[in-house]
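Visitor: Residue-level listing of the chains:
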Amino acid sequence: MPISAFLTDASLCIGCKACEVACKEWNEIPDDGFSWSGNSYDNTRALGASTWRHVLFLEQKQPMGSQLAGIDEPFRWQFLSDVCKHCANAGCLEACPTGSIVRTEVGSVFVQPDICNGCGYCVVSCPFGVIEKRPDDGRAFKCTFCYDRQKAGLIPACAKACPTESIQFGDLEVLRQRGKKRVEVLQERGYSDARIYNPQETTVGGIHALSVIFGEPEAYNLPPAPEVPTVYLKSAWTSAFISAAIILAIVCAAFSF
Amino acid sequence: MKTAAKPKMTEERLEEIRKAASETTKEVLAAQYSPRKPPAQSEQSYYGLAVLKAPAWTWEVPLYFFLGGIAGLSACVAFVAQFFRSDPALIRVSLWGALLGAAMCPVLLIADLGRPTRFLNMLRVFKLRSAMSLGAWILAVFSGCAFLAVVCFELLSRGFTNPLWTSLLWLGESSAAAVGMLLASYTAVLIGATAIPVWSENRKLLPVHFLTSGLGCSAAILELAGFLIPATQVLGFAASGIETLIETFLEVRKRPVDAPLHHGKSGTTLRIAGLLEGPAALLLRVFWGSVPAGRYAAAVCFLIGALLSRYAWIWAGRASARDPHVLFHLQRRT
Numbered sequence: 001m002p003i004s005a006f007l008t009d010a011s012l013c014i015g016c017k018a019c020e021v022a023c024k025e026w027n028e029i030p031d032d033g034f035s036w037s038g039n040s041y042d043n044t045r046a047l048g049a050s051t052w053r054h055v056l057f058l059e060q061k062q063p064m065g066s067q068l069a070g071i072d073e074p075f076r077w078q079f080l081s082d083v084c085k086h087c088a089n090a091g092c093l094e095a096c097p098t099g100s101i102v103r104t105e106v107g108s109v110f111v112q113p114d115i116c117n118g119c120g121y122c123v124v125s126c127p128f129g130v131i132e133k134r135p136d137d138g139r140a141f142k143c144t145f146c147y148d149r150q151k152a153g154l155i156p157a158c159a160k161a162c163p164t165e166s167i168q169f170g171d172l173e174v175l176r177q178r179g180k181k182r183v184e185v186l187q188e189r190g191y192s193d194a195r196i197y198n199p200q201e202t203t204v205g206g207i208h209a210l211s212v213i214f215g216e217p218e219a220y221n222l223p224p225a226p227e228v229p230t231v232y233l234k235s236a237w238t239s240a241f242i243s244a245a246i247i248l249a250i251v252c253a254a255f256s257f
Numbered sequence: 001m002k003t004a005a006k007p008k009m010t011e012e013r014l015e016e017i018r019k020a021a022s023e024t025t026k027e028v029l030a031a032q033y034s035p036r037k038p039p040a041q042s043e044q045s046y047y048g049l050a051v052l053k054a055p056a057w058t059w060e061v062p063l064y065f066f067l068g069g070i071a072g073l074s075a076c077v078a079f080v081a082q083f084f085r086s087d088p089a090l091i092r093v094s095l096w097g098a099l100l101g102a103a104m105c106p107v108l109l110i111a112d113l114g115r116p117t118r119f120l121n122m123l124r125v126f127k128l129r130s131a132m133s134l135g136a137w138i139l140a141v142f143s144g145c146a147f148l149a150v151v152c153f154e155l156l157s158r159g160f161t162n163p164l165w166t167s168l169l170w171l172g173e174s175s176a177a178a179v180g181m182l183l184a185s186y187t188a189v190l191i192g193a194t195a196i197p198v199w200s201e202n203r204k205l206l207p208v209h210f211l212t213s214g215l216g217c218s219a220a221i222l223e224l225a226g227f228l229i230p231a232t233q234v235l236g237f238a239a240s241g242i243e244t245l246i247e248t249f250l251e252v253r254k255r256p257v258d259a260p261l262h263h264g265k266s267g268t269t270l271r272i273a274g275l276l277e278g279p280a281a282l283l284l285r286v287f288w289g290s291v292p293a294g295r296y297a298a299a300v301c302f303l304i305g306a307l308l309s310r311y312a313w314i315w316a317g318r319a320s321a322r323d324p325h326v327l328f329h330l331q332r333r334t
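The listed protein sequences correspond, in order, to chains E and A. Start counting the first sequence at 1; every next residue gets the next number (this note's numbering). Start counting the second sequence at 1; every next residue gets the next number (this note's numbering).
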């Protein structure tokens with residue numbers, strides 16, 4: 001079975017938020033608040049329990065390729081639809097103590113809502129800050145990669161609703177190649193800081209939701225080198241065992257007098 | 001009333017403002033103040049918003065960390081005391097401490113769940129790579145061992161002497177001691193192996209702190225129960241001594257990632273906790289350790305400090321999750 005993936009292209013996104021709307025309607029997600037952030041046109045702020053697609057609006061004092069901004073100083077307005085990365089080595093999946101979070105046959109990371117008991121350990125184990133506990137429900141939620149739609153042979157709701165094909169859905173290897181080619185094309189056209197965001201060299205081991213972005217990933221709040229937190233287990237346990245041995249020795253010494 | 005509070009606006013007042021402003025400008029120039037440089041490429045973030053999600057755990061979890069530490073180390077103290085044929089009354093208090101702790105822990109953990117009725121799902125799988133899964137099993141096994149030890153101890157002390165009870169007591173006590181050590185330390189591994197920078201960057205320090213703190217607390221409870229024997233004094237000295245070292249280490253080592261351990265609500269709480277567990281308890285023992293009041297005071301100091309410290313570490317995690325720049329800095333460094 002091929003591995004499903006997203007390729008979200010910032011150079012094609014127009015910030016229409018159709019993906020956010022489609023995702024909410026298809027998955028019947030409750031509202032994520034009706035407050036103004038003051039951050040450009042972005043009032044959703046971040047991915048969360050009730051925000052499974054999030055369109056970022058970046059206002060940067062940098063030129064966009066050779067485009068003229070129409071004002072004196074360089075300026076660019078960028079958009080990108082962010083989503084759960086469905087990591088090859090997923091922190092949430094590793095952390096889940098109930099086995100609620102599983103890897104599906106399409107390679108996605110899925111939270112089974114009938115198993116999750118809301119312990120909250122996945123929340124602190126996601127290096128991307130995606131999964132979150134919904135306070136009124138108690139369970140943890142995130143993008144399902146429209147597993148129900150994929151099972152029925154349909155593409156995810158966000159990709160289906162995207163009017164510019166900024167969100168592309170398909171096989172991981174195909175999209176990796178397509179992303180690479182797209183970056184080459186963009187660079188040829190003068191967008192010298194175009195790059196693909198796919199942290200494959202880290203312990204996360206690559207993601208299934210790639211993005212074509214401009215400039216550093218930090219500007220999109222994408223961690224430049226995310227690590228799956230299980231890599232910290234070995235040193236933490238080593239310290240725990242050494243400390244336990246020392247503590248036991250102290251207790252023995254105290255009572256042997 | 002509203003008109004009275006409003007300052008009278010006159011031309012003179014405007015002149016005053018102008019003069020004050022120009023004086024301030026001179027001061028600023030004299031101080032050679034320069035505006036902050038525009039952020040470097042690595043210091044950018046998305047409107048300064050958090051990358052990570054803050055821990056959703058409520059007040060029950062730090063309290064559980066505290067009680068789990070006491071229960072685990074009490075079991076360890078009971079086993080060692082039994083091994084060295086110490087006062088049976090002390091062993092009894094320690095064993096009951098372990099059992100009561102083990103009884104309260106699941107209540108706290110279940111109360112913190114988003115879906116408390118599904119708590120049994122915790123035992124649906126056994127995952128070594130998930131400290132939370134391992135912890136649920138550790139707590140379950142510990143409760144069983146502590147229960148076995150208490151039952152056998154009470155039977156034996158009531159005159160039901162039977163070689164079976166004796167061997168079961170040893171089995172219960174030794175396994176409760178071993179699993180108790182895990183119970184007191186896995187919580188440190190649990191938060192150490194997360195994406196939260198201040199926790200994961202202190203993953204080696206946290207188990208030392210949690211175990212020492214658990215040891216000091218179990219000794220403090222014995223002292224407060226009236227066991228003012230040399231053994232509890234030695235344990236009190238050792239625990240507050242190690243805590244003083246940890247506190248000093250944290251104060252000396254200044255890393256950007258440790259900012260929540262020094263500033264804000266978590267920083268203040270952790271400092272107070274560190275002082276109580278470390279220097280305060282240690283000095284009380286050094287100067288008034290020979291009188292019962294001094295030892296009681298040291299014990300209470302240590303207990304309060306240990307409890308506060310667990311809350312401070314959870315709050316530090318929340319503060320750490322909110323800071324995107326520290327996260328980026330850490331990831332760019334390596």
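Derived from the structure by calculation, the hints contain no laboratory data. Since the model is a prediction, treat every value here as computed from it, not as a measurement. Don't take each hint at face value.
[As the list claims (entries may be wrong)] Simulated coverage check for chain A against chain E, where a stretch passes if three residues somewhere in it have a Cβ under 8 Å from a Cβ of chain E:
| hint | stretch |
| --- | --- |
| 1 | 67-77 |
| 2 | 226-239 |
| 3 | 305-315 |
[Unchecked claim] Examples of chain E residues toward chain A, derived with CB under 10 Å:
| hint | residue |
| --- | --- |
| 4 | V130 |
| 5 | R134 |
| 6 | A161 |
| 7 | P163 |
Beta carbons are placed, not taken as given, at the ideal position from N, Cα and C, and that holds for glycine.
Visitor: Now tell me, hint by hint, if it's right for this structure.
Guide: So, going through the hints one by one against the coordinates:
no. : hint    : result
1   : 67-77   : holds (count 3)
2   : 226-239 : holds (count 6)
3   : 305-315 : violated (count 0)
4   : V130    : holds, 8 Å
5   : R134    : holds, 8 Å
6   : A161    : violated, 23 Å
7   : P163    : violated, 24 Å
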